[in-house]
Structures are given as structure tokens and as C-alpha cells.
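Protein chains: 6
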Amino acid sequence: MTPEPTTTALAAQHRKEPTYLFSEKQVAEKSEFARRFLDNRTRLNQNVHQADNFLVKRFYNLDHNAEGALPAKYKELMGLVASVGLRCDDCVNYHVIQAFRLGVTRAEQEEAINVALVVGGSIVIPQMRRAYELLSELYSA
Amino acid sequence: MTPEPTTTALAAQHRKEPTYLFSEKQVAEKSEFARRFLDNRTRLNQNVHQADNFLVKRFYNLDHNAEGALPAKYKELMGLVASVGLRCDDCVNYHVIQAFRLGVTRAEQEEAINVALVVGGSIVIPQMRRAYELLSELYSA
Amino acid sequence: MTPEPTTTALAAQHRKEPTYLFSEKQVAEKSEFARRFLDNRTRLNQNVHQADNFLVKRFYNLDHNAEGALPAKYKELMGLVASVGLRCDDCVNYHVIQAFRLGVTRAEQEEAINVALVVGGSIVIPQMRRAYELLSELYSA
Amino acid sequence: MTPEPTTTALAAQHRKEPTYLFSEKQVAEKSEFARRFLDNRTRLNQNVHQADNFLVKRFYNLDHNAEGALPAKYKELMGLVASVGLRCDDCVNYHVIQAFRLGVTRAEQEEAINVALVVGGSIVIPQMRRAYELLSELYSA
Amino acid sequence: MTPEPTTTALAAQHRKEPTYLFSEKQVAEKSEFARRFLDNRTRLNQNVHQADNFLVKRFYNLDHNAEGALPAKYKELMGLVASVGLRCDDCVNYHVIQAFRLGVTRAEQEEAINVALVVGGSIVIPQMRRAYELLSELYSA
Amino acid sequence: MTPEPTTTALAAQHRKEPTYLFSEKQVAEKSEFARRFLDNRTRLNQNVHQADNFLVKRFYNLDHNAEGALPAKYKELMGLVASVGLRCDDCVNYHVIQAFRLGVTRAEQEEAINVALVVGGSIVIPQMRRAYELLSELYSA
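Residue numbers (this note's numbering), protein chains in the order written: chain A, 1 to 141; chain B, 1 to 141; chain C, 1 to 141; chain D, 1 to 141; chain E, 1 to 141; chain F, 1 to 141.
Careful: at least some of the hints might be erroneous.
Since the list gives no way to pick out one identical chain from another, each pair is judged satisfied if it fits inside one copy or across any two copies.
[Stated by the list, open to error] Here are the computed lysine-lysine pairs in the DSS-like style, where the Cα-Cα straight-line distance is at most 25 angstroms: (1) Lys30 <-> Lys73; (2) Lys73 <-> Lys16; (3) Lys30 <-> Lys57; (4) Lys16 <-> Lys30.
Because the hints were derived from the structure by calculation, they are not lab data.
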């Protein structure tokens, strides 16, 4: 979803886009799981985009990873930890894919998920299991 | 689910049923998303009804919108805000449909969802996205 | 916390401030509970204000009740329902006070809390109990 | 809080009160932690009682342990597990005290808390720590 | 998933396995709902098993019902209450099946779910409804 | 709390302790907020330690930051993000202090909190406010 230009004028000066090693298209070609997730997400976001709700656009604009005090890679993994801990499958998929695109290794992804497992307990195991399925497809040889 | 008559004698005196502009059947004819949800809900509720559990019946009886100090329309939207904030898809579908049946406009539904988005953060975006799909079907010309 | 002027230029056009019947000062004079809460909140917010974090300022700016499709009064009560349901005492205090300032009656506040009680279950009773203490002070003769 | 008589006519037939080994007064004499909690709870509940809200009374009436398919003792511990898992200190205190009054041993209380620790993760440790303080006072020689 | 032998040496001394009346295979033959859940769980767990993550293995080893101060049957129902209260469908399915395997009656399962319904509120009704579907299959004549 | 030696034999081989720039004592001398928190935590943990519960000891042993695929510094910040997102004040205090001890800058701490603010919404603002008070004391000149 393209953020509206008007309120992002100032924001843009504060942002440096992270460098992605892979495009969403490449991710979708590598993993069937990722492809289904991304296709569905795109379809639903078009719907939201069309509604053109002012506050939603401002919120989407806020929810945007950029280089800052912390490397984008670690912020993506922080989003992953929060998503597993709060048990949101769509959010987990999104952050696993974004972290993969930024060159995060599988071992790093697993370790981030482990932080959420200890913090969040066995109730997060269903999210962890499904995340491992996505990891297996993304990091297969 | 029809509440058991015995414990609702007193309760009935306190209740004034809200006026619905549309029946569930009309909603199901308008939106394929709503139809699937309502059919599944009916099927599962029959199952619960058959079990005839005393406390469940009392709880269902409690969980009932009625005119009171607040108009039913706004109480329905309060249920929607809580459902998005607590990230319960089935609950979101239910309250979006009930609000639609009470004549709530799409702009009002979006604004209620916005309250939940700001309060609940980006973790509620998956629920919001799916709610927008239902809104699009219900409020299509 | 005064939102930063730069990003709110456009936002301002979309906003109509609600009319408050009472100032925060009047609320603090009426209720000792409210006074303690407001004093502590002001003290902590000054701290956040001083830090001058860009994203925090943008988020505070987003989290702002204004007249829109829904009357400010009902949006405040929606914030209350979400706060009780998500069990955040500070948030409950804030919305009870704001609703009071907008002229919401005690019966309306109680009914909004009831929505959260049914949705959120007995686990929200501690928040409800403390909210009733605040209500008693605010609505005393 | 005494439940209102009118709606509990039928309910009463379904209830068999559990047998408590200790009164609340005895618990308060044994543990200073328990005394403070019970005094505060009584004070706040009087406030709720005075408000005389119809739905609140019905909900309080619903939230009542009684012998049924499961012994009251294990239902109390189930309430404890849910309270630790959902991280509600007041609820934890209440269920620890009720379980103590029903003759539950300290080892049984600890094992119930362990279920919640594994399910809920390290985020519940603050509740667990405070529960252990109450346990130490209640089960001291 | 077989826990790794090395760290469980001591743990094993503390454990007494509960006696199951039914194998997972028998459960899958009785209920189509259970079969689909167990097949999917096994497939996803193989994936996790293959990853051979050290901390995950230690956590799985921790998350294990065994006779202790409390009978395994009641600990399983405590896991069920926490799972309904925290609204985790996979966890609910798991504990309903394990409780069934330990000889828990349907009335006992329903009463445990009722504890979670009162504690967790109407937001847990979707999990309750789906649990009732599984109960109907497992306890059919 | 010292983990029991028996089950940590293998674990120890997998762990490399992170290097702390400051001791807990130095942190307590710098910040009155931190001192109160650490004193209270120590007192409550002694209580838990005395109880000598087997599973609790194993869980504490699991919940331990160590160098691995990810630097300890970023794992501490991941714990912070999860703690703010799940709204646990004690956990927030703990991770802010640990991150400070590992040499994390204030800007890095704020950015991690921002991730949680966007993910978790305005409901986490009370935790954020209190975290800023601790940050102000820890990072004062």
C-alpha cells in the first residue's frame, strides 16, 4: 500500500529504506507457503487501499521498517518476536519473509522465535510450528 | 440459540429488543462471506444447543444486546471495537453483521475499527483487513 | 502533550475538537482518585515529551479523539470498552474521565463497562471494580 | 457480594456449596498479604454493590464455584491456572485464598501454577513470584 | 516428539507417566476432527523435530504432563482451561483429546470449559463452539 | 537464582555468558527506580528460591540470555519488545536494565520500544511512559 504523499514529506527525511536481497516475487517463487500468504495479503490490502480511509493510511505509514538507531534486520526480528508472542500468524509470516529478504539466516530466525517461546510459553507453539514450515521452504537448498 | 425461559422472566422486563433493518437471511443473500460465516455459526451453535449445558445457556442469555442507557447501535459497535482489539475474527464478523442489520453506515463501522486499530496496534491489521472484505460485500451498491 | 505542528497540518483539516463540559482541573477538584491519576500522568508525559522521540509524537498525534462519522462521546466509550476488555487500568481511568468531561452519564458509563464485562469475562472484574470507585467520586452529588 | 434472590431461584437447585475449612477471617489472621487483599476487595465490592447494576449482579451470580461434575477444589485450581496465565494479580490472590480455604495443599497450588508457567511463559513470572509470597504466608507453620 | 535423552536423565526420575485408556490412533478412528488435527500436528512436529533446535527440545521436554501432586487428569483439564481462556484452538484440541484419552467424562470437559467461559468471557465462545464439535465426535455412542 | 547444576551440565556447553558493562549494584546506585525494582525482585526471588520447586528451577534455567546466533544485546531488546507488547511492567524494567548493563544506548532502547508501540498500540503507552522514567534515570549525565 503506497502511503499518501502529504503526511510523509517530513517522515521521508527521517527514513532510510533497508536494502532487500530478494524481492517479494523471488520469495513467492521459492516458497509455495509464502506465495499463498503474499497473494492473499495483496488481495486484502487492495480492498483496504480502495476504501481510502484516512486514519488507516496514516497508521500504515507509521508501521514501516527503516534504518534508524537499530539495523532494519534486528527490528524485523523484533517484530517477529512480538508477533509470535502475541500469537498472530499473519504477522509471523510477514516478519519471517521480511527478515529472509534482508538476509537474516535461519539460525537467527530460530533464535528470535526461541525468545518468544520462553517469554510466551507453550501457547505460542502452534505459531512456532507453522513458522518452522515457512522457514523450511524459504531456507531449503 | 433460544435462551431458557425460566431464568429470563425477570430479565425480559429489562429488555427492549432493538429493531433490525435486515434479517440474517437478507444479509446472507447480499454477502457470500456473511453467508458462509452465518451457516457455520448456526451449525456449530446447534451442536452447543444440543449439549444443553446449564451455565452455557445462562451465559448466552447474558450476552444479548438490548436497548438500555445506550442505543443498541453503539453497543454493537462497542462489541466490534472489543472484538478487533482482542483479535477474534468470528466476533468481528458477528458484530459487523449485527451493526449492518441495525442500519450502521460503512463510515461508522470504519471509524469504530479505527478506534481498535489505534488502541490495539498493527497486530490487529489482519482482523481489520478481513473486516474490510466483509464491509465491501455488505455495503456494495 | 502538544503534537508537533509539522505533520498535523493536513490532519487538522479533518478534525473537529469535541466540546468538553469540564476541564481536567475541574475533574481533579471533584475527585481525589482522578487528581492523583491526572497528576501522575502529567508528570510521566512531561518525561516522554522531553525525550522528543519522533515516532512517539506521531503516534500520540494519531491517538486523538475528534468528531467524525461517530460522535466523540461514543468513541470515548468505545475506548473505555477496549480498555476494560484489554485490562489497562490507566487507559480505563483516562477514558472514564474523558467521557465524564463530554457529559456522558453514569448509567451510560456502566453500560459500556457491562459490554466489556460480558465480552472479557470475570478476569476484567478488578478493572471494573476500580472503575466503579472512580465513577462514584465523579458522579457524587 | 450477595447475589440477588430473584434470578437465583433456579440456579440454587443446581448448586451445592463447597465446604470451606477456613473462613475469610481466619485467612486474614494468618496472612497479612491476604488481609490487605481481602479488605481492599471488600471495600471495592461494597462500592459495586451499592451501584446495584442489574447485569453486574447477574454476572457475579454466574461466577460462582459450586460442586458439579468436578470437585470444587479442582475448579478453584483451574481458576488459578487461568488467572496466572491471563496475568491478573487480584484473580490469582482470590483463587489462592479460596483453594487454601478448601484444604488444597501448597504442593498442589505450586503444581497448578507450574501448568500456567509452562503454558504462559516467563511473562507470568511476576504473578508467580507474588503468588509464592502469599503461599509462604498462608502455609507457614 | 521424543525428548532428547541427555537433559531428561534427572527429569525422568521425577516423572510417572499417566495411564492412557486410548491411543492416539484409536482417537483418530473415533473422530474425523481429531484425525485431521493429529495428522496435521504430527506433520508439523516432524518439521520442528528435523530442525533439531536445542532450546525448542528443552521446552518440549518441560511441557509434559506427568503424575505429581495433582492427578494427570486434572492437570490436563487445567491445560484445557488455560487454552480456552487464552483462545488457542490447537491447544484446545490437544487438551480435549488428551483428557479423553485419560478417561475424563464429557460432563467434566464441559465444566472445565465453563470455568474458562466465565473467566474469559464471550470472546472465548468461538473456541468453545469448536471444542463442542470435537466433544460431540469423541463422546458419540 | 542459581540454576540447579544437574540439568545444566549440557546446557553450559552451549552457553557463552554476555559481558556486562555494569553490575546490578552500579545500576541501583545510578537509578532510584532501578534500585527499588531490583530490591523487590531479589526479595521475591529468594522466596521462590526457598520453595525449591523443580519445574520452576528448570524454567528459570531456560529463561537465560546467552550469546548464540544473535548478539545478547539484540536478544535483550527482543525481550524488551515482547515485554512492552505483552504489557508486563516488571519484565520491561528487567530488560531495560539488562540492556543498559550490556551497553545499549538510549536511542536504541527507544527504537525498540517504538516497535512495540506500533505493534501493540496505544494500550502499551502506560508501560512506555514508565519505561521512559527508568530510561531518564539510567541515562542521565
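We went through each hint and held it up to the structure:
1. Lys30 <-> Lys73: within (20 angstroms within a copy, 32 angstroms between copies)
2. Lys73 <-> Lys16: both (13 angstroms within a copy, 23 angstroms between copies)
3. Lys30 <-> Lys57: neither (31 angstroms within a copy, 28 angstroms between copies)
4. Lys16 <-> Lys30: Classified as neither: same-chain Cα gap 27 angstroms, cross-chain 35 angstroms, threshold 25 angstroms.
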